[in-house]
Amino acid sequence: MRGRWSLVVALMSAASSSVAADPDAAALKPLLGLIETVEANYAGDPPLRRDEVVKQAASGMVSSLDRYSEFLDQQKYKDLQEDTRGSFGGIGIEIGIVSGKLSVIAPIEGTPAFAAGLLGGDVIAFINGTPTDDMKIMDAVHRIKGPPGTKVVLTIQREGSPMRDVPLIRAIITPVNIRDTVLEASGIGYVAIHSFSEHTAENLYDALRRFKEGKLKGVILDLRSNPGGLLQEATRVVDLFLPGGVAIVSTEARDPAQRAKYYSSEKMEVPQFPLVVLVNEWSASGSEIVAGALKDHRRAIIMGRRTFGKASVQSITPVSIDKTQALRMTVARYYTPSHNEIHEVGIEPDVTLPASRYPPGMRRYFDESAFNRFAAEVLIAIGPAGAGTVWLDAGALKAGRLAPPGKGAAPEKVDGRIGVEFRRWADRQGWNETDEAWDELEDSVVEQVRIAVMRKVKGEESARRYAIEFDPQVRTAAALLTLSSSVPAAGRPR
Amino acid sequence: MRRDLAARGLLSACLLTGLLAASSAPALTDEELEPFLNAMAEIQRKYVDETKVDTATLLRKASEGVVNALDAESLVLDPAPPPGPAGPGFAIGVRGGLAHVIDVIEGGAAEAAGLKVGDHLLQVDGKDTGGEKRLEIERFLAGSAGSKVWLLWEDEDGTYREAQVERTATARPAWRRVVMPGAEFIQVFRLDEAAADQIRSDLASAPAAGGAVLDLRRCAGGDPDAAIALADALLPGGLEIVTGRGVNAKSEHRYEATRKSKPVGVPLVLLVGPGTRGAPEILAAALIHHRRALAVGKGTFGYAARQKDFALPSAGGRKLRLTVERFTAPSGICLTGTGVGAELSAGEALPRRIERELERTSLVGRLAERLFAAPPAAFDAAALQAGNLALSAQESKGKSVAERRGEFERAFQTAAEALVREAGLGVSRDTLEQARLTLISRVRVELAKRHKSPEDALVVRLREDPEAAMGLDLLRAVRRMSGAAQ
Numbered sequence: 151m152r153g154r155w156s157l158v159v160a161l162m163s164a165a166s167s168s169v170a171a172d173p174d175a176a177a178l179k180p181l182l183g184l185i186e187t188v189e190a191n192y193a194g195d196p197p198l199r200r201d202e203v204v205k206q207a208a209s210g211m212v213s214s215l216d217r218y219s220e221f222l223d224q225q226k227y228k229d230l231q232e233d234t235r236g237s238f239g240g241i242g243i244e245i246g247i248v249s250g251k252l253s254v255i256a257p258i259e260g261t262p263a264f265a266a267g268l269l270g271g272d273v274i275a276f277i278n279g280t281p282t283d284d285m286k287i288m289d290a291v292h293r294i295k296g297p298p299g300t301k302v303v304l305t306i307q308r309e310g311s312p313m314r315d316v317p318l319i320r321a322i323i324t325p326v327n328i329r330d331t332v333l334e335a336s337g338i339g340y341v342a343i344h345s346f347s348e349h350t351a352e353n354l355y356d357a358l359r360r361f362k363e364g365k366l367k368g369v370i371l372d373l374r375s376n377p378g379g380l381l382q383e384a385t386r387v388v389d390l391f392l393p394g395g396v397a398i399v400s401t402e403a404r405d406p407a408q409r410a411k412y413y414s415s416e417k418m419e420v421p422q423f424p425l426v427v428l429v430n431e432w433s434a435s436g437s438e439i440v441a442g443a444l445k446d447h448r449r450a451i452i453m454g455r456r457t458f459g460k461a462s463v464q465s466i467t468p469v470s471i472d473k474t475q476a477l478r479m480t481v482a483r484y485y486t487p488s489h490n491e492i493h494e495v496g497i498e499p500d501v502t503l504p505a506s507r508y509p510p511g512m513r514r515y516f517d518e519s520a521f522n523r524f525a526a527e528v529l530i531a532i533g534p535a536g537a538g539t540v541w542l543d544a545g546a547l548k549a550g551r552l553a554p555p556g557k558g559a560a561p562e563k564v565d566g567r568i569g570v571e572f573r574r575w576a577d578r579q580g581w582n583e584t585d586e587a588w589d590e591l592e593d594s595v596v597e598q599v600r601i602a603v604m605r606k607v608k609g610e611e612s613a614r615r616y617a618i619e620f621d622p623q624v625r626t627a628a629a630l631l632t633l634s635s636s637v638p639a640a641g642r643p644r
Numbered sequence: 003m004r005r006d007l008a009a010r011g012l013l014s015a016c017l018l019t020g021l022l023a024a025s026s027a028p029a030l031t032d033e034e035l036e037p038f039l040n041a042m043a044e045i046q047r048k049y050v051d052e053t054k055v056d057t058a059t060l061l062r063k064a065s066e067g068v069v070n071a072l073d074a075e076s077l078v079l080d081p082a083p084p085p086g087p088a089g090p091g092f093a094i095g096v097r098g099g100l101a102h103v104i105d106v107i108e109g110g111a112a113e114a115a116g117l118k119v120g121d122h123l124l125q126v127d128g129k130d131t132g133g134e135k136r137l138e139i140e141r142f143l144a145g146s147a148g149s150k151v152w153l154l155w156e157d158e159d160g161t162y163r164e165a166q167v168e169r170t171a172t173a174r175p176a177w178r179r180v181v182m183p184g185a186e187f188i189q190v191f192r193l194d195e196a197a198a199d200q201i202r203s204d205l206a207s208a209p210a211a212g213g214a215v216l217d218l219r220r221c222a223g224g225d226p227d228a229a230i231a232l233a234d235a236l237l238p239g240g241l242e243i244v245t246g247r248g249v250n251a252k253s254e255h256r257y258e259a260t261r262k263s264k265p266v267g268v269p270l271v272l273l274v275g276p277g278t279r280g281a282p283e284i285l286a287a288a289l290i291h292h293r294r295a296l297a298v299g300k301g302t303f304g305y306a307a308r309q310k311d312f313a314l315p316s317a318g319g320r321k322l323r324l325t326v327e328r329f330t331a332p333s334g335i336c337l338t339g340t341g342v343g344a345e346l347s348a349g350e351a352l353p354r355r356i357e358r359e360l361e362r363t364s365l366v367g368r369l370a371e372r373l374f375a376a377p378p379a380a381f382d383a384a385a386l387q388a389g390n391l392a393l394s395a396q397e398s399k400g401k402s403v404a405e406r407r408g409e410f411e412r413a414f415q416t417a418a419e420a421l422v423r424e425a426g427l428g429v430s431r432d433t434l435e436q437a438r439l440t441l442i443s444r445v446r447v448e449l450a451k452r453h454k455s456p457e458d459a460l461v462v463r464l465r466e467d468p469e470a471a472m473g474l475d476l477l478r479a480v481r482r483m484s485g486a487a488q
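Chains A and B supply the protein sequences, listed in that same order.
At position 199 of the first sequence the residue is numbered 349 (the working numbering), and the sequence of numbers has no breaks.
At position 370 of the second sequence the residue is numbered 372 (the working numbering), and the sequence of numbers has no breaks.
Isolated chain A, as found in the complex (with noise of 0.2 Å):
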């Protein structure tokens, strides 16, 4: 698959292959006075080493660049390689704060967290023997991770068992960037990338090539929340909806190296289909490459919110001889290849749609793990006492579904009875909610319990994809497609 990008240029340069004339001395000779005296005379707490006075004054002439150009430490270096190389040594599991306990929000399936049974929603106690009640979160995170095949142990503590101590062996873990699947209700399928790191653009090839076989009518790229990663990556992307030879993207900047103007390449065949792009405000940088030149080469329609707007690249240059710590800078920005701005700017979608968040309300249900809670001790509780007396049909709530008993009954009486149980328990919480807040709140708390209940029965991973199913974005998008492929030849690119 590598030899088809062979137009790709490679952006990311390596360490700089010789340095500047320093700066003359004298211009240097305050600075330097002040990093002394400091050393010898500040009664720091702990006592200030001469290396990290060195790193404060390299992070505060970075900080005068602009926001996206930073001092990267040992540590910082580290998270960052780590980040974009898209894999690293851990448990797999995502770890949050619920109701202010450091908790398992998901484990990942294939990892070794997943094997042990840890479950979303365990309380995680200590961590190799350290509590964790005043831990922050990025703290716990270096905790847990660690070279492959090392030891961690987490004290887990589930609701309703004692304490145990759960043993686990690091492995080297690949989150997933990229999430692919096919609406049951559309047909259309669905692919959201997280972030573009490595082997982002082959993982979306493979999903293309299932789709094919599944013979669908069209595909939604979500793109929304992605905030950019590797700018080739970014391109390969680019690559794979377009013919070859047209213009994707170019940089301008004052390093010749840094200046490119990238092309798509000839390649074999790619399976294409009516394409709709999905952005929201906080699709940044690389989305906006991938939706500034499919909108600019009219191979897509881009759905969603006005982007937000970052157009430069950062390179990434280790400065000390260990390579331990680097200078992450600004070096180019970026244009479409209509040569469109997006610096501050963003790209406009060709189908703004109304912004797609929670009501403020819902914060504090997601807070005390309310859906998760509400679906486990009511709802699945119910189920086995009887379904067919009840408002639920219980074949269909095995299946993780909330559905009416038998035929014909309307699917909405059943939401307006969700809503209704929901509401009764949360009151007896102490969360009473006035009926002005309610009918806010209502639809999403719905929706929110269907997920659970889903997740309750059938996991983490059916959980997710159902709440695509429900996502009013993305069910517009699959709407045009489905639309579109219903009109002959039109709305059909190529």
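Please keep in mind that the hints were generated in silico from the structure rather than gathered at the bench.
Predicted, not measured: the structure shown is a model, and the values here were computed from it.
From the three backbone atoms N, C-alpha and C, an ideal C-beta is built for every residue, glycine too.
Just to be clear, a hint being listed does not mean it is correct.
[Said to hold, decoys possible] Chain B regions said to be covered by chain A (calculated; three or more residues, Cβ under 8 Å): (1) 34–41; (2) 49–55; (3) 148–158; (4) 240–251; (5) 323–329.
[Said to hold, decoys possible] Below, in silico cross-link-like pairs of lysine-lysine (DSSO-like), each with a Cα-Cα straight-line distance of 27 Å or less: (6) 63(B) - 321(B); (7) 301(A) - 251(A); (8) 54(B) - 226(A); (9) 367(A) - 417(A); (10) 608(A) - 548(A); (11) 228(A) - 451(B); (12) 118(B) - 300(B); (13) 362(A) - 417(A); (14) 411(A) - 54(B); (15) 63(B) - 473(A); (16) 54(B) - 473(A); (17) 63(B) - 226(A); (18) 295(A) - 228(A); (19) 226(A) - 563(A); (20) 606(A) - 563(A); (21) 118(B) - 451(B); (22) 286(A) - 228(A); (23) 608(A) - 251(A).
Let chain A serve as the given structure and place chain B on it in line with the hints.
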């Protein structure tokens, strides 16, 4: 990474001649500077925007990076004098990058705008205070008398509030002595050398039987040496006053009481709170640890360190102020961050909701006005004209102390309810009930402020101040016990 070593050699030579007198650190080597110089070279060669990469700007920002990483008291001093002697009337302390309001001057503009101790100051005239040095924020606040400053702050409930406040000149003495019946009462606003000297001689000459209250609640600074000297005068020789730690563990210094003769023996009560910051915390920690004084109030701010100024010859002679010594209390607790706890608390203030209600309706001022203008029959009209609030002789006749108090509070309540009703203030009965004792105190203070001399009004204010009153009660108790023992 290839470097031009000849140029670096020259550079190192220049460095050696440019060293500061105070510095004893070896000059930075090529290797140590490598990450910095490489980053700088990369930026100058490749950064996308040419207008941002000139050497002077980059180096200035680098210096700022070094200084910003130090604590909030370490900074490069602005050679220009502060923009004026006046301010909005409050003091701040910086902790964890946040500007905490630690003292609000009574009767000042900030108090009138509703600023409270414990609030976080977020912006001054649109400038963020986050991460700023304390002296820089104080510079934002300072100006000429009569000029206005806009403040944005976050109160204890997390609500953002803003106000435009007029600056007034608020020159306070470093300390002042208040004549209170039965005890020496000294308010300290700044514990510098002169204040410490004078306080020492005041305490030495105070009648040992009386005792003294040292009010440190509004003392947000001073000189560590003055605090140590004052503690020295009050403690027996050989006891640890405080331990200072400098640039590393080797530079630790234990300050001990040196006195061979008997120390000043007057019984002492300290009043402390979040407005007690710096040098007075050293004094309080030592006196409390060695049981030389009782402390009343709330925990102190938690910052005790010594700063020293260094000239930066190669930076136009500007001065760098650095924290050179951090202090640890005799208990082994680092004062910075922890502070000193008070042993005795005078109880909680009114709930904030009620505080707001009183503020919103200016109830204290209105009540004082009304009682003065139209004294209710139950109160002594002549006393009111003199700024005192008391039952009339007729009402008190033949009644026990408890009955008189009950009578007094009832009369006050009736007057307050009548005012609320007539002026349509919308203050609930429940609020009046809960706030009654506080209201009485505040109305007394207000009446005294309006109708008495400043000296007498101050005495009333301290008498009505729960913490000061508790301090005086404690001294009375000490007197009684020592009297009983004799």
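Results for each hint:
1. Remark: the segment 34–41 of chain B is confirmed as covered by chain A, as 8 of its residues place a Cβ nearer than 8 Å to a Cβ of that chain, reaching the required three.
2. With 5 residues bearing a CB less than 8 Å from a CB of chain A, the segment 49–55 of chain B meets the requirement of three and the coverage assertion stands.
3. For the segment 148–158 of chain B, the stated coverage by chain A is violated: 0 residues have a C-beta nearer than 8 Å to a C-beta of that chain, whereas at least 3 were required.
4. Counting residues of the segment 240–251 of chain B whose CB falls under 8 Å from any CB of chain A gives 5; the rule of at least 3 is met.
5. Residues of the segment 323–329 of chain B lying with their CB closer than 8 Å to a CB of chain A number 5, which satisfies the three-residue condition for coverage.
6. In summary, the hint linking residue 63(B) to residue 321(B) is supported, as the alpha carbons are separated by about 17 Å, within the 27 Å threshold.
7. With a C-alpha separation of about 23 Å, the suggested pairing of residue 301(A) with residue 251(A) holds against the 27 Å cut-off.
8. Taking the CA atoms of residue 54(B) and residue 226(A), the gap is about 24 Å. The hint holds against a cut of 27 Å.
9. Between residue 367(A) and residue 417(A) the alpha-carbon distance is near 23 Å, which keeps this suggested pair within the 27 Å criterion.
10. Between residue 608(A) and residue 548(A), the direct Cα distance comes to roughly 9 Å. Compliance with the 27 Å bound is thereby established for this hinted pair.
11. The straight-line distance between the Cα atoms of residue 228(A) and residue 451(B) is roughly 64 Å, outside the 27 Å bound, and the hint therefore fails.
12. Using a Cα cut-off of 27 Å, the hinted pair residue 118(B) and residue 300(B) holds, with the two alpha carbons roughly 15 Å apart.
13. A threshold of 27 Å between alpha carbons decides the hint, and for residue 362(A) with residue 417(A) the separation of about 17 Å falls inside it, so the pair holds.
14. With a CA separation close to 25 Å, the supplied pair residue 411(A) and residue 54(B) stays within the 27 Å bound.
15. In summary, the hint linking residue 63(B) to residue 473(A) is supported, as the alpha carbons are separated by about 24 Å, within the 27 Å threshold.
16. For a cut-off of 27 Å, the pair hint linking residue 54(B) to residue 473(A) stands: about 26 Å separates their Cα positions.
17. Proximity of residue 63(B) to residue 226(A) is assessed by CA-CA distance (about 21 Å); at most 27 Å being required, the pair is judged to hold.
18. Proximity of residue 295(A) to residue 228(A) is assessed by CA-CA distance (about 12 Å); at most 27 Å being required, the pair is judged to hold.
19. Distance check on the hinted pair: residue 226(A) and residue 563(A) sit about 52 Å apart at the alpha-carbon level, beyond 27 Å; violated.
20. Restraint check for residue 606(A) and residue 563(A): the C-alpha separation of about 22 Å stays at or below 27 Å, so the hint holds.
21. Annotation: proposed proximity of residue 118(B) to residue 451(B) holds, straight-line Cα distance about 21 Å (limit 27 Å).
22. With a C-alpha separation of about 18 Å, the suggested pair residue 286(A) and residue 228(A) falls inside the 27 Å cut-off, and the hint holds.
23. Between residue 608(A) and residue 251(A), the direct Cα distance comes to roughly 25 Å. Compliance with the 27 Å bound is thereby established for this hinted pair.
Hints 3, 11 and 19 from the list above are not met by this structure, while the remaining hints are.
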